[in-house]
Amino acid sequence: MTDAAELRRRTRALLAGQPPASTDRLDFLKARFDAGLAWVHYPEGLGGLGAPRALQAVVDAELAAAGAPDNDPRRIGIGLGMAAPTVLRHGTEEQQRRFLRPLWTGEEVWCQLFSEPGAGSDLAALGTRAVRDGDTWVVDGQKVWTSSAHLARWAILIARTDPGVPKHQGITYFVCDMTDPGVEVRPLRQLTGEAEFNEVFLTGVRIPDSRRLGAVGDGWRVARTTLMNERVSIGGMRLPREGGMIGPVARTWRERPELRTHDLHQRLLGLWVESEVARLTAERLRQQLVAGQPGPEGSGTKLAFARLNQEISALEVELLGEEGLLYDDWTPRRPELVDFTGREAGYRYLRAKGNSIEGGTSEILLNIVAERVLGLPAEPRTDKDVAWKDLAR
Amino acid sequence: MSTDPDLLHSPEEEALRAAVRDLLTDHCDAAGVIARTESDAPHDVPLWKSLAGGMGLAGLLVPEELAGQGAGHREAAVVLEELGRSVAPVPYLTSAVVATEALLACGADDLLAGLASATTIGVLAVGLHTAPGAPFDRVRLEGGALRGELTGIADAAVADVLLVPADDGGLYAVDAAAAAVVPQVSLDLTRPVARVVLDGARGARRLGEAEPAVRRALRAGAGLLASEQLGVAEWALTETVRHLKERRQFDRPVGGFQALKHRLAQLWLQVVHLRAAARAAADALATGTDTDVAVAVAQAYAAPVAVRAAEEALQLHGGIGMTWEHPVHLYLKRAKADSIALGTAGAHRTALAELINLPAP
Numbered sequence: 001m002t003d004a005a006e007l008r009r010r011t012r013a014l015l016a017g018q019p020p021a022s023t024d025r026l027d028f029l030k031a032r033f034d035a036g037l038a039w040v041h042y043p044e045g046l047g048g049l050g051a052p053r054a055l056q057a058v059v060d061a062e063l064a065a066a067g068a069p070d071n072d073p074r075r076i077g078i079g080l081g082m083a084a085p086t087v088l089r090h091g092t093e094e095q096q097r098r099f100l101r102p103l104w105t106g107e108e109v110w111c112q113l114f115s116e117p118g119a120g121s122d123l124a125a126l127g128t129r130a131v132r133d134g135d136t137w138v139v140d141g142q143k144v145w146t147s148s149a150h151l152a153r154w155a156i157l158i159a160r161t162d163p164g165v166p167k168h169q170g171i172t173y174f175v176c177d178m179t180d181p182g183v184e185v186r187p188l189r190q191l192t193g194e195a196e197f198n199e200v201f202l203t204g205v206r207i208p209d210s211r212r213l214g215a216v217g218d219g220w221r222v223a224r225t226t227l228m229n230e231r232v233s234i235g236g237m238r239l240p241r242e243g244g245m246i247g248p249v250a251r252t253w254r255e256r257p258e259l260r261t262h263d264l265h266q267r268l269l270g271l272w273v274e275s276e277v278a279r280l281t282a283e284r285l286r287q288q289l290v291a292g293q294p295g296p297e298g299s300g301t302k303l304a305f306a307r308l309n310q311e312i313s314a315l316e317v318e319l320l321g322e323e324g325l326l327y328d329d330w331t332p333r334r335p336e337l338v339d340f341t342g343r344e345a346g347y348r349y350l351r352a353k354g355n356s357i358e359g360g361t362s363e364i365l366l367n368i369v370a371e372r373v374l375g376l377p378a379e380p381r382t383d384k385d386v387a388w389k390d391l392a393r
Numbered sequence: 001m002s003t004d005p006d007l008l009h010s011p012e013e014e015a016l017r018a019a020v021r022d023l024l025t026d027h028c029d030a031a032g033v034i035a036r037t038e039s040d041a042p043h044d045v046p047l048w049k050s051l052a053g054g055m056g057l058a059g060l061l062v063p064e065e066l067a068g069q070g071a072g073h074r075e076a077a078v079v080l081e082e083l084g085r086s087v088a089p090v091p092y093l094t095s096a097v098v099a100t101e102a103l104l105a106c107g108a109d110d111l112l113a114g115l116a117s118a119t120t121i122g123v124l125a126v127g128l129h130t131a132p133g134a135p136f137d138r139v140r141l142e143g144g145a146l147r148g149e150l151t152g153i154a155d156a157a158v159a160d161v162l163l164v165p166a167d168d169g170g171l172y173a174v175d176a177a178a179a180a181v182v183p184q185v186s187l188d189l190t191r192p193v194a195r196v197v198l199d200g201a202r203g204a205r206r207l208g209e210a211e212p213a214v215r216r217a218l219r220a221g222a223g224l225l226a227s228e229q230l231g232v233a234e235w236a237l238t239e240t241v242r243h244l245k246e247r248r249q250f251d252r253p254v255g256g257f258q259a260l261k262h263r264l265a266q267l268w269l270q271v272v273h274l275r276a277a278a279r280a281a282a283d284a285l286a287t288g289t290d291t292d293v294a295v296a297v298a299q300a301y302a303a304p305v306a307v308r309a310a311e312e313a314l315q316l317h318g319g320i321g322m323t324w325e326h327p328v329h330l331y332l333k334r335a336k337a338d339s340i341a342l343g344t345a346g347a348h349r350t351a352l353a354e355l356i357n358l359p360a361p
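Chains as they are written, first to last, in UniProt numbering: chain A, 1 to 393; chain B, 1 to 361.
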């Protein structure tokens, strides 16, 4: 197995062959991918070396020290965090070779066509249809809450291919070409004023069967790989102390003594403690993963951060007093990057409301913890054995 | 601050946990603990001898050259997790952690050897409610004799030696036989408190300065108490989940109702967080890195979680949870007493305000 010393050697060889100072950014990223140093836990030939995932940090540290460019992972988070693990796990060799390299280098942006107006928490009830026409599938339907759709070259898409069987069984997973003339992307303006997400209308979109991921009717199982990775990527960031939402309000508290009250002080200290403990919990989870002993703790990370982000940002608006009555900018904007802490307190307060909805609502996540971690009885499911077409809608 | 604490349990620590749990499973059942609380001797001295002497656990914080195990706070924390899970009525926190730390601060090697080998039980005569750094009561030193009364002294009833702060600034070792120890009717019958009355006790030995020794002792106690609170909360969660899977009403297991599932899932989440906080405090005590903040964070977080876990256990057990026969009340009383012991969550938050520079108005 490839160890840390070997990875260091290979990283230095890459840097020697492609000095970052004199190499085009994209050429460097392609060379890094081809050297197996993109994501070392991926297989050889697909940007990795089959090394333990934890050793990626060794490569990243060497590259950062040498001032090498990165692939701007936040811009291509959906591709890296969701599409890539799914293509790796369920794609054919041909699909893996076609998609993974430009996905990782950022040449091709990905988006996710999962949620629908009528299928949110009950995603498996989705109604977008894909009908086979020879070697091609014809897709009609509407998707929603699609970030990056206006930038994306490709989408991961789940659609109903068999309405005559129960809902989980009639779904198939595709890679959808976002340049197809039947794809229409409309910005979806949010309560913050900006349009970070889109509605996507699919009308007669043609997808070759070669862009199907996994077997026909097996799309729900494939989608679970994507969704599991989504929750990990939402909750799994490594933070320094005061690294999250608590940071800005702590700074305001220190810099603006005139705003302080006793009531806010007690609440701030309580939230500071909870933030620090949530950070330690995420760190403990990371240490478990590195030690090869993943625990069920990951299921809760997103739950904790969602609630804390909401409570802290709410406190911050209140702390600001008169300024809390103001808002920085209601102009409809199309941000390429979403930074939960990037704007002012009012924005943070409003945007954080989405944290307990996106990527699985907190209510659904509590069900998952109760059933999968604590082993409590599952919710009654009257729709389990009913053909999708016969469900009440 | 730059390096992250080790928040996992090592294989050796897990082996220690398994050994302690085996002993407690065999010798510390809930019915026995309840029966003992109604007797004249609420402490389980035979269990203490097995744990502290037989397994050598009283000496985890004491160097090997002083008859200790030369282990550390991480290991002692694991022992406390298990003792909390059993609400074991033994003076581990008081003798093997708090009094031991005070003696380590004073360099009282001969007394340490006695505590480490469990031939002696030592108790720091500072009220259990006292937070690290908070003022504490002292007795008077009058012509070489100690005179005065101290209240809320946990486990004093089984102490062989009392470590008593006096008004000259010193910490004195007093033979328990030279003091009157009067049990107080305690909320937590598994860690009862007592009044210690010194009526001109002579022969007390000055060990050193009280203030730094008490501060160090209470800080270690507060940090490791979080692990005991973790054990209490884990018992409450585990027992409640088990009960709700078995208990049927409306022809369904009660644990299938979403209102209860969500409450238990929330509780699980808090216990997971408490585990990280408690481990961070134990590791910080062991390494000496970032210790004041880690201890204050753990104590500010632990008490509400342990109390809530016990309160949820009681409510979700329904009527049986209100009985004397069911052990949930032992855990509720311990959790509530622990929420005051070694400083309330509020006291630790106030301490943090200074440590992390979030000053009061």
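Simulated from the structure, these hints should not be mistaken for lab results.
None of these values were measured; they are calculated from a predicted model.
Watch out, some of these pointers could steer you wrong.
[As the list claims (entries may be wrong)] Which residues of chain B face chain A? A few of them, derived with a C-beta cut under 10 Å, are:
#1 Leu7
#2 Ser186
#3 Leu264
#4 Leu269
#5 Ala296
#6 Thr350
#7 Pro361
[As the list claims (entries may be wrong)] Which residues of chain B face chain A? A few of them, derived with a C-beta cut under 10 Å, are:
#8 Ala19
#9 Leu23
#10 Gly107
#11 Leu207
For glycine and all other residues, C-beta sits at the position ideal for the given N, C-alpha and C.
*asked:* Checking each numbered hint in turn, tell me which of them this model violates, lowest number first.
replied: Structure breaks hints 2, 8, 9, 10, 11.
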